[in-house]
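Q: Chain Z is already provided as a structure; the job is to place chains U and P on it using the hints.
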Amino acid sequence: MKKILLHLESDAKASVFDQVTAYDAGVDQVIACGGVAPEEVTNLVYGVMFTRGGDSLRNSAIFVGGTRVADAERLMDGVLQTFFGPFRVSVMFDANGCNTTAAAAVQKLARGRKLAGKKALVLAGTGPVGTRIATLLAREGCRVLLTSRSLSRAQEVCRDLETRAKVKVEPVQVRDGEEAGRALAGVNVLVCCGAPGVRLIDGATWTRQESLEIMADINAVEPLGIEGIKATDDGKERQGKIAYGALAIGNLKMKIHKAAIQALFRSNNQVMDLEAIYALAGEMSE
Amino acid sequence: MKKILLHLESDAKASVFDQVTAYDAGVDQVIACGGVAPEEVTNLVYGVMFTRGGDSLRNSAIFVGGTRVADAERLMDGVLQTFFGPFRVSVMFDANGCNTTAAAAVQKLARGRKLAGKKALVLAGTGPVGTRIATLLAREGCRVLLTSRSLSRAQEVCRDLETRAKVKVEPVQVRDGEEAGRALAGVNVLVCCGAPGVRLIDGATWTRQESLEIMADINAVEPLGIEGIKATDDGKERQGKIAYGALAIGNLKMKIHKAAIQALFRSNNQVMDLEAIYALAGEMSE
Amino acid sequence: MKKILLHLESDAKASVFDQVTAYDAGVDQVIACGGVAPEEVTNLVYGVMFTRGGDSLRNSAIFVGGTRVADAERLMDGVLQTFFGPFRVSVMFDANGCNTTAAAAVQKLARGRKLAGKKALVLAGTGPVGTRIATLLAREGCRVLLTSRSLSRAQEVCRDLETRAKVKVEPVQVRDGEEAGRALAGVNVLVCCGAPGVRLIDGATWTRQESLEIMADINAVEPLGIEGIKATDDGKERQGKIAYGALAIGNLKMKIHKAAIQALFRSNNQVMDLEAIYALAGEMSE
Chain Z
59 MKKILLHLES DAKASVFDQV TAYDAGVDQV IACGGVAPEE VTNLVYGVMF
109 TRGGDSLRNS AIFVGGTRVA DAERLMDGVL QTFFGPFRVS VMFDANGCNT
159 TAAAAVQKLA RGRKLAGKKA LVLAGTGPVG TRIATLLARE GCRVLLTSRS
209 LSRAQEVCRD LETRAKVKVE PVQVRDGEEA GRALAGVNVL VCCGAPGVRL
259 IDGATWTRQE SLEIMADINA VEPLGIEGIK ATDDGKERQG KIAYGALAIG
309 NLKMKIHKAA IQALFRSNNQ VMDLEAIYAL AGEMSE
Chain U
59 MKKILLHLES DAKASVFDQV TAYDAGVDQV IACGGVAPEE VTNLVYGVMF
109 TRGGDSLRNS AIFVGGTRVA DAERLMDGVL QTFFGPFRVS VMFDANGCNT
159 TAAAAVQKLA RGRKLAGKKA LVLAGTGPVG TRIATLLARE GCRVLLTSRS
209 LSRAQEVCRD LETRAKVKVE PVQVRDGEEA GRALAGVNVL VCCGAPGVRL
259 IDGATWTRQE SLEIMADINA VEPLGIEGIK ATDDGKERQG KIAYGALAIG
309 NLKMKIHKAA IQALFRSNNQ VMDLEAIYAL AGEMSE
Chain P
59 MKKILLHLES DAKASVFDQV TAYDAGVDQV IACGGVAPEE VTNLVYGVMF
109 TRGGDSLRNS AIFVGGTRVA DAERLMDGVL QTFFGPFRVS VMFDANGCNT
159 TAAAAVQKLA RGRKLAGKKA LVLAGTGPVG TRIATLLARE GCRVLLTSRS
209 LSRAQEVCRD LETRAKVKVE PVQVRDGEEA GRALAGVNVL VCCGAPGVRL
259 IDGATWTRQE SLEIMADINA VEPLGIEGIK ATDDGKERQG KIAYGALAIG
309 NLKMKIHKAA IQALFRSNNQ VMDLEAIYAL AGEMSE
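Top to bottom, those sequences are chains Z, U and P.
Following the numbering used here, the numbering of the first sequence begins with 59 at its first residue and continues without gaps.
Following the numbering used here, the numbering of the second sequence begins with 59 at its first residue and continues without gaps.
Following the numbering used here, the numbering of the third sequence begins with 59 at its first residue and continues without gaps.
Excised from the complex, chain Z in its bound form:
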């Protein structure tokens, strides 16, 4: 029986990236649906709920993706609401790669270290990946600061995280390199989540911050967010700090993504959300 993955997203064209990755993870057939509206979800999900029964149901699964994370969350809600009793299949949420990327970044920081008790700064952290990195760091026991150019935006995001993810994250306004340097005071863990090609902190600023131990940057496009590291850095020591660049994080992201897809087909009742994907990442040998 073929392993079938129903791919749902609101973007007009279903992500080719996610489809290729699904095939490489062992999926036999992706049924790709782009341009999905929330009111279309129920009938599409019925198509995998009611076609196979009993143990065979684990050969069908759902992936919710797309670049618009808020749209994808509505689709995901629709998927979960459609299931009832044993009529359900496993489902993974990874719109914009946010869950797998966040899991990869925090796994890089967590491996072989105790993050609990450390102070972490998530620079430009209000996007889907930044908020999820902040969430995972908080769950690892860090005191987490999350920055935005707009204080009210940072505050809004932190309130939302408290409500939805039950984690306490502190909002900080950072509009320039000087404010970035001030926010770095006492920080042990720095994660940079800015837009591709935007420098957020210069080398001198983080080099003189003695408390800083580890840095990660998810921006793969030069100039990177953190001056002085390289996208390929994978635990490289830079000025006495350990650095992880976007390509090293991206490689682990691909492994986590594939492992999460494979996990979907082990039973028909898994929800591969941020927590489950991060737990899975923790079990993987690199």
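It is possible that part of the hints are untrue.
For identical chains, the list gives no copy identity; a pair is met inside one copy or between any two copies.
[As the list claims (entries may be wrong)] The list that follows gives simulated cross-link-like pairs (lysine-lysine, DSSO-like), each with its CA atoms no further than 30 Å apart: (1) Lys313 with Lys61; (2) Lys226 with Lys172; (3) Lys172 with Lys60; (4) Lys60 with Lys316; (5) Lys288 with Lys61; (6) Lys177 with Lys226; (7) Lys61 with Lys316; (8) Lys172 with Lys299.
Don't read these hints as lab results, they were simulated from the structure.
A: Below, chains U and P alone, put in the same frame as chain Z:
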């Protein structure tokens, strides 16, 4: 050579249900086209007519589906008009599952019994499944009554059946339980084709109808159309009558659906319409 | 690892013909994208560029098709501009089958013959196939005349061929059979590229033209463009001339098409354009 099924329908998203079922029937690749307009059919069909030749042509086939049966009939007409001489592939029509569901329901009623000469009542029978059940019962030799809340609607449907399917079906108006009871007079076979979750006839009404022998209900959502039976009833005796519920019919429908898909690939010249699907269902062991 | 072909075109429905042909050429999975706008290309191409690395990248490739050749050229430009350094996959351009059909037609004419120095007439040659046949004939060393009902249209196309394909082709106005006969003076090679079912030259006209040696007609629908030949002619002698009909050319086109698809997966850096496809056709045994 891969078994390729070209799936055509007018709904924007090609049915996931039918795609999964096709794969489970052994199709190697579904090429799913949703949102198909009649004027697009010719070119799409050329894509399966002209790519493989000779005996290989039987490895390509077409499925016409979608929830809008009238639209699907226009697509089906377009498919059949595109074929010429040996340039044709096998094609199956099952918009809204109407042919396979009707075949399954009537097979349940017909197995091990002689339907010829019996009086049958198709309650709320003006939809795609109801009209097809009425057609098959008439072809089995039943005297068939078909009901609607609107007499003119029932009359229109029966005229259409006479013209298109060459069967005589009698229109009856049934607006409530009392009229349903009156329509049941002398009836041996009752089939209920109402909307999901709508009760059409209560237990006391059919229990006291001594002529009644067999009942089937294609509504799977409680309350069922016929009070006192269960969706899982599969030939269960209820108050001296034999009952078939929607899940039992649905299980047989899935088997018929898969068998019909498999039959498509035996030669390049089959038309799996209501008649052919019902004939195939009659040859299947359950 | 599955051989994945990303199929891009501007037509709303991705060509079924090209998808079936891709599967028959050994592609494991086509990811078919119809209705692609130029601004969507980059992200779709990233999906094959960034999912597989190193030698594995040759298992992903791109096909640019569709009936609107000018649209397809814009998509092709977008694909090629997205690649950088080693981040590229092989790509084939065959909108409207123009490259494979032209390569097949000229291969038929060229096999076992020396075309260099011959005078060739491409009747009704301003379309995508006609211009490419003219290009290939010119590159084989023919003196090439290309006709249109409109002289200015023929001139425009020839100027464009000089600029883009670097070949010299002479524009000729041909509005009727008499002008066709006059254009045939001294011609050795006649190719007819008119619309399906449109007669362009009658039997008496070409029969009396002593210089004429070979003829090809890509119109498969009766009446053919050249009176007196048959669509199945495959090097058949007709009135002392050698004739190739559309079905013979079409059969070779299919072989060339499949060979070109297979070639895509040999490395990650091939561009299967007119030149490459024609070179490949020349290496094939028939």
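Q: Decide, hint by hint, whether the structure agrees.
A: Now for the hints, and whether the structure bears them out:
no. : hint               : result
1   : Lys313 with Lys61  : both (19 Å within a copy, 20 Å between copies)
2   : Lys226 with Lys172 : within (19 Å within a copy, 72 Å between copies)
3   : Lys172 with Lys60  : neither (42 Å within a copy, 40 Å between copies)
4   : Lys60 with Lys316  : both (17 Å within a copy, 15 Å between copies)
5   : Lys288 with Lys61  : neither (39 Å within a copy, 32 Å between copies)
6   : Lys177 with Lys226 : within (13 Å within a copy, 71 Å between copies)
7   : Lys61 with Lys316  : both (14 Å within a copy, 17 Å between copies)
8   : Lys172 with Lys299 : within (16 Å within a copy, 70 Å between copies)
Hints 3, 5 from the earlier list are contradicted by this structure; the remaining hints agree with it.
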